[in-house]
Amino acid sequence: DAGVIQSPRHEVTEMGQEVTLRCKPISGHNSLFWYRQTMMRGLELLIYFNNNVPIDDSGMPEDRFSAKMPNASFSTLKIQPSEPRDSAVYFCASRMQTRSEQFFGPGTRLTVL
Amino acid sequence: AQSVTQPDIHITVSEGASLELRCNYSYGATPYLFWYVQSPGQGLQLLLKYFSGDTLVQGIKGFEAEFKRSQSSFNLRKPSVHWSDAAEYFCAVAPNRDDKIIFGKGTRLHILP
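For the protein sequence lines, the chains are V and P, in the order given. Its first residue numbered 1, the first sequence is counted upward by one per residue in the working numbering. Its first residue numbered 114, the second sequence is counted upward by one per residue in the working numbering.
Hint data in this document are derived by calculation from the structure and do not stem from the laboratory. These figures come from a predicted structure and were not determined experimentally. Even glycine gets a Cβ: it sits at the ideal position worked out from N, Cα and C. Wrong hints could be hidden among the right ones.
[As the list claims (entries may be wrong)] Here are the in silico distance ranges between beta carbons for each label pair:
1) V:ARG99 to P:SER183: 22 to 32 Å
2) V:MET15 to P:THR168: 46 to 56 Å
3) P:ARG135 to V:SER58: 27 to 37 Å
Please model the entire structure based on the sequences and the hints provided.
What follows is the structure in structure tokens.
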């Protein structure tokens, strides 16, 4: 079975540009999580969805960040406008309803110049 | 609030030596506990988890962890490390199966040849 799929794997953009990160969870999983990882702050939960509904977005740093999950097989994390301090690795993870563990994607390394 | 403490930021051991990575959590009841491993440039992979039953949990790659309620600890062990075990290890906690997971700051493991 395919794991969590994220695209792109690497993104380099200039300050002020819009960035869209994409995630396809594992089929049959009903929870989806977006994380950000930096050296300074470690792994931070940004937002998570259950059955396509946002449950907790308290980790979203600013209004510049938004996330959507239009269906069970796709989610996006958008940053508009992007800033250099947004440079990080962004992970998506998914979870099956009957299980506690999350499965992580390979991440998207974002660099904002 | 729940929290997870990994007191060692870096650990260095020789190949073939035994390993113990420490993890302490702060939570009133018995939570769900996890250990994840992250190799360079990769996402997080689940090593093992605990939520009830036998307090000694076996995981993948020859790892095990022991839950000690009296010490609020969930330390990860391996009897003999291999060079391929060099990675970052994250301890994590969730209050229940359906809640979000709180990750520790991680311990980076270095292996000496």
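Hint check, failures only: Violated hints: none at all, because every hint is consistent with the structure.
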